[in-house]
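Protein sequences appear in the order of chains A and B. For what it's worth, my numbering labels the leading residue of the first sequence as 1, then goes sequentially. For what it's worth, my numbering labels the leading residue of the second sequence as 1001, then goes sequentially.
It should be emphasised that the hints constitute simulated quantities derived from the structure, not laboratory data. Any given hint might turn out to be false.
Claimed, not checked - Below 25 Å or equal to it, Euclidean Cα-Cα: the simulated DSS-like pairs (lysine-lysine) are: (1) A:11 with B:1444; (2) A:182 with B:1182; (3) A:205 with B:1162; (4) A:11 with B:1058; (5) B:1011 with A:444.
To be verified - To list a few chain A residues with every Cβ distance to chain B over 12 Å, as calculated: (6) 220; (7) 223; (8) 232; (9) 383; (10) 458; (11) 464.
Unchecked claim - Example chain A residues on the side facing chain B (calculated, C-beta under 10 Å, incomplete): (12) 22; (13) 33; (14) 35; (15) 52; (16) 87.
Beta carbons: idealized from backbone N, C-alpha and C, even for Gly.
Spelled out from the first residue to the last, the chains are:
Protein chains: 2
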Amino acid sequence: MDAEEFRRRGKEMVDLVADYLENIEDRPVYPDVEPGYLRSLIPTEAPQDPENYEDIIKDVERVIMPGITHWHSPNFFAYFPTASSYPAMLADMLCGAIGCIGFSWAASPACTELETVMLDWLGKMLQLPECFLAGTHGQGGGVIQGTASEATLMSLLAARCKAVRRIQATNSDMSEMEILSKLVAYTSDQAHSSVERAALIGGVKMKKVPTDEHYAVRKDMFMKMVEEDKADGLLPFYFCATLGTTPSCAFDKTEELGPLCNEENMWMHIDAAYAGSAFICPEFRPLLNGVEFADSFNFNPHKWLLINFDCSAMCIWVCNYGVILFFLLPGLVTDYRHWQIPLGRRFRSLKMWFVFRMYGLNGLQAYIRKHVVLAKEFESLVRADKRFEICADVVLGLVCFRLKGSNELNQNLLKRITQCREIHLVPCQLSGRFVLRFAICARKIESHHVQKAWQHITQLTFELLQEPEH
Amino acid sequence: MDAEEFRRRGKEMVDLVADYLENIEDRPVYPDVEPGYLRSLIPTEAPQDPENYEDIIKDVERVIMPGITHWHSPNFFAYFPTASSYPAMLADMLCGAIGCIGFSWAASPACTELETVMLDWLGKMLQLPECFLAGTHGQGGGVIQGTASEATLMSLLAARCKAVRRIQATNSDMSEMEILSKLVAYTSDQAHSSVERAALIGGVKMKKVPTDEHYAVRKDMFMKMVEEDKADGLLPFYFCATLGTTPSCAFDKTEELGPLCNEENMWMHIDAAYAGSAFICPEFRPLLNGVEFADSFNFNPHKWLLINFDCSAMCIWVCNYGVILFFLLPGLVTDYRHWQIPLGRRFRSLKMWFVFRMYGLNGLQAYIRKHVVLAKEFESLVRADKRFEICADVVLGLVCFRLKGSNELNQNLLKRITQCREIHLVPCQLSGRFVLRFAICARKIESHHVQKAWQHITQLTFELLQEPEH
Chain A
1 MDAEEFRRRG KEMVDLVADY LENIEDRPVY PDVEPGYLRS LIPTEAPQDP ENYEDIIKDV
61 ERVIMPGITH WHSPNFFAYF PTASSYPAML ADMLCGAIGC IGFSWAASPA CTELETVMLD
121 WLGKMLQLPE CFLAGTHGQG GGVIQGTASE ATLMSLLAAR CKAVRRIQAT NSDMSEMEIL
181 SKLVAYTSDQ AHSSVERAAL IGGVKMKKVP TDEHYAVRKD MFMKMVEEDK ADGLLPFYFC
241 ATLGTTPSCA FDKTEELGPL CNEENMWMHI DAAYAGSAFI CPEFRPLLNG VEFADSFNFN
301 PHKWLLINFD CSAMCIWVCN YGVILFFLLP GLVTDYRHWQ IPLGRRFRSL KMWFVFRMYG
361 LNGLQAYIRK HVVLAKEFES LVRADKRFEI CADVVLGLVC FRLKGSNELN QNLLKRITQC
421 REIHLVPCQL SGRFVLRFAI CARKIESHHV QKAWQHITQL TFELLQEPEH
Chain B
1001 MDAEEFRRRG KEMVDLVADY LENIEDRPVY PDVEPGYLRS LIPTEAPQDP ENYEDIIKDV
1061 ERVIMPGITH WHSPNFFAYF PTASSYPAML ADMLCGAIGC IGFSWAASPA CTELETVMLD
1121 WLGKMLQLPE CFLAGTHGQG GGVIQGTASE ATLMSLLAAR CKAVRRIQAT NSDMSEMEIL
1181 SKLVAYTSDQ AHSSVERAAL IGGVKMKKVP TDEHYAVRKD MFMKMVEEDK ADGLLPFYFC
1241 ATLGTTPSCA FDKTEELGPL CNEENMWMHI DAAYAGSAFI CPEFRPLLNG VEFADSFNFN
1301 PHKWLLINFD CSAMCIWVCN YGVILFFLLP GLVTDYRHWQ IPLGRRFRSL KMWFVFRMYG
1361 LNGLQAYIRK HVVLAKEFES LVRADKRFEI CADVVLGLVC FRLKGSNELN QNLLKRITQC
1421 REIHLVPCQL SGRFVLRFAI CARKIESHHV QKAWQHITQL TFELLQEPEH
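This is chain A alone, in the form it adopts within the complex (with noise of 0.2 Å):
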């Protein structure tokens, strides 16, 4: 395919893309497939010689698109937001384009230097501490990873090394593995399972602080813990705070936890992965409280800024930039490579800059409080109808709701919603309880799909309550 050709492909393909989206209400939201579909419906090997591109194209329909969950469909209202929006595909098309590897300053310095401003933009949006900025020195502040996971593990990798040498600088008759054999880290219980996984790629214990009636580790539990491991002669090192946790976007009390983990000589990090987008909005600032006392924080603008998934799929601060992190190497240039477990890395706050320029933050706030004031409505239907409970409070744009009785019944309902197709919901378990999470996620979400996904679910109810057997 020459350049002549991509002109004309590329501009059926930007048509392609907008058709799929401004009409992807049209197809059901849940694909209907066994596992293994796929396989039969294409070759087994790689074709010898190059086919035709409308041979392609037609089998996105046919091979590709009856396997798809429509993430973007304003029916979709399972998992979390992944985000998505015009400016960010065009800028991911320059970076493709552009296709520089940026895993140190000299490989392209834009691609380095524009993701350092680009974090500043943000962390001012967020009003972050000035220790989390690089500022106009240009080194420290904030990092692109993949994802949250990355970032956790990256942090907890980095409180390992900081322990580690400040244990042995007054214990020198311990060895680093007996050192590595009594740290303890610890997280929420209702802590996504990455924080659990990156412990057990560190290789150092984590334990699991109980949550009070919001879901939230508050600092009389958490200090409890503390003392009794101290006691047992283990090394507290890492706390990992949720702000905004996957079942219920609960919110950890990191005011009363920093100041704690700071006595203790821990690292605090703040995994705000859905919940951090709202933070640009002056009335949610406040959840952030208590980021003062932490050493880093993420959060993932592919989430719910808009920004597509990929691009920048999360965020990294760490507050003062001498902290030692475990590959950082300060130099005379920042070289991302030392910040992440992956070398290579794309130009990937390009979209970060076209998606805030585009937006303003004016814009990107509207779209923050739009998608709340909808939960908020959602959360209005459910409490007025007395046959469904409210499981935790609606801070942001997540709804956790459940017929009241038993499990087996709310696991029947949302059986029929994912046969239905109509709309689509996961559950969550909150104190034992099955719950069915109805997050807003779809950037052209509009009231009138709220009330119909209500409608639908209170006619599946009605049509389930009728039956004999309840």
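Chain A is already provided as a structure; the job is to place chain B on it using the hints.
Same frame as chain A, but now just chain B:
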């Protein structure tokens, strides 16, 4: 930006992309900027209100392009190639529009299933042993990782887990920490820094095996180290072989090393990040012999197989699905989140599908062969000039060469090359000598680019040798 505007701006962007790539030779391949250049060119904060799209596009030329190292210029001979092709860019646009997050099968079945089948296609192109393929049972096989660094880390973690279980099964009195403190991993003294880093992350010792005069690990030296370590009470458990090292594209002797690893219960991982793409050509496939002894194998199609970075940054296959992978929790369906560090993942196999079908195996082989021929052409030019020497076997697309003389002389030559910005090279160290690496990189490179590059190098050499201090 609504769909109508995206249709217009998207088509403009397609032309911008084609214009950039068509005229890339007009730009100096290496930028002329100082660290921190970009910060002063843009505001210190995000705008409050939306800006004009035209202003953003103007800023691409004003702010970004001066700081770009043009990896796809035919005058770029640095590092290793990073892939770029129009079919991959079209697939990436589609990937961005679908925007599904394929962390589990259900999150978008097509995303998981196409990946499994594409890795089988690729495995067949490479004539991998059957045990590396998923086949019709649809499980196991390969997975796309972000980068080779992540693949190495995953393989080391899997090996660590397997070793601990195996050793504990026969030594029930040994604690996990005791085992970890005695585990030892090995790799070549020519291996990429990410291999050493994987061991640091995993908290295990890693030793570098000295290489022979071709910069390859041989059995005798390796066996000697393993025997000595065992005698010292250590537990050898992992060897990362390199096929195509970063400095000189050297090949460890995996046919000798593999049986040794198997006998010693050591996991053998093969890192063929750059060279792997060449193994689709029958004449280069013997370089992969010995893979039948490996537990895992990876290479980067995003380097040399025309699939842009970030779509298919790397592939890893694990021989025998039954092998206990660290995170692998086999179920009815393949949930790739258990195969990798990140949770989220894009629909990266779309790029493989587009590229394989638009080029066909013949087209891909022709592409590899052309690059190898051009490297041989450059090698001949160097060999014909008695002032220069070739420093390592030229097997694929990399030529390591230097001026006969001091390291300082060669450093000066490279400095002049870099300052002229007509071509771009990076150096390496081989046996303590400063060596220039000439890697065939660009998709659109032709013989005349190689000839012109050589003329430029000899012209600068002439000027350098004229100067009084030489």
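Worksheet item: Within a Cα-Cα threshold of 25 Å, do residue 205 of chain A and residue 1162 of chain B meet the stated pairing?
Response: With Cα atoms ~19 Å apart, residue 205 of chain A and residue 1162 of chain B stay inside 25 Å; holds.
Worksheet item: Under the criterion of a CB-CB separation shorter than 10 Å, is residue 33 of chain A in contact with chain B as hinted?
Response: This interface hint holds because 5 Å falls under the 10 Å limit.
Item to complete: Double-check residue 35 of chain A for me: the hint is only fine if its C-beta lies closer than 10 Å to a C-beta in chain B.
Response: Result: holds, 5 Å to nearest chain B Cβ.
Worksheet entry | Pairwise hint evaluation, residue 1182 of chain B against residue 182 of chain A, where the allowed Cα distance is 25 Å at most | Holds, at roughly 17 Å.
Worksheet item: Straight-line Cα separation of residue 11 of chain A and residue 1058 of chain B no greater than 25 Å?
Response: Answer holds: residue 11 of chain A to residue 1058 of chain B is near 21 Å, not above 25 Å.
Practice prompt. Against chain B, does residue 383 of chain A hold up as non-interface, every C-beta pair farther apart than 12 Å?
Written response: holds (30 Å)
Fill in: Hint validity - residue 87 of chain A Cβ closer than 10 Å to any chain B Cβ
Holds: closest Cβ of chain B sits about 6 Å from residue 87 of chain A, inside 10 Å.
Worksheet item: When the nearest CB of chain B is found for residue 52 of chain A, is that gap smaller than 10 Å?
Response: Where the cut-off is 10 Å and the nearest Cβ of chain B is about 9 Å from residue 52 of chain A, the hint holds.
Worksheet item: Is it correct that the beta-carbon of residue 458 of chain A has no partner in chain B closer than or equal to 12 Å?
Response: holds (25 Å)
Practice prompt. Would you assess whether residue 232 of chain A, listed as outside the interface, keeps its beta-carbon beyond 12 Å of every beta-carbon in chain B?
Written response: holds (16 Å)
Discussion item. So, as I understand it, the hint says residue 22 of chain A touches chain B; can you test that by seeing if any CB pair is closer than 10 Å?
Written reply: holds (5 Å)
Practice prompt. Please work out if residue 1011 of chain B and residue 444 of chain A have their alpha carbons no farther apart than 25 Å.
Written response: This hinted pair holds, its Cα atoms lying about 23 Å apart.
Checked against the numbered hints above, the structure violates none of them.
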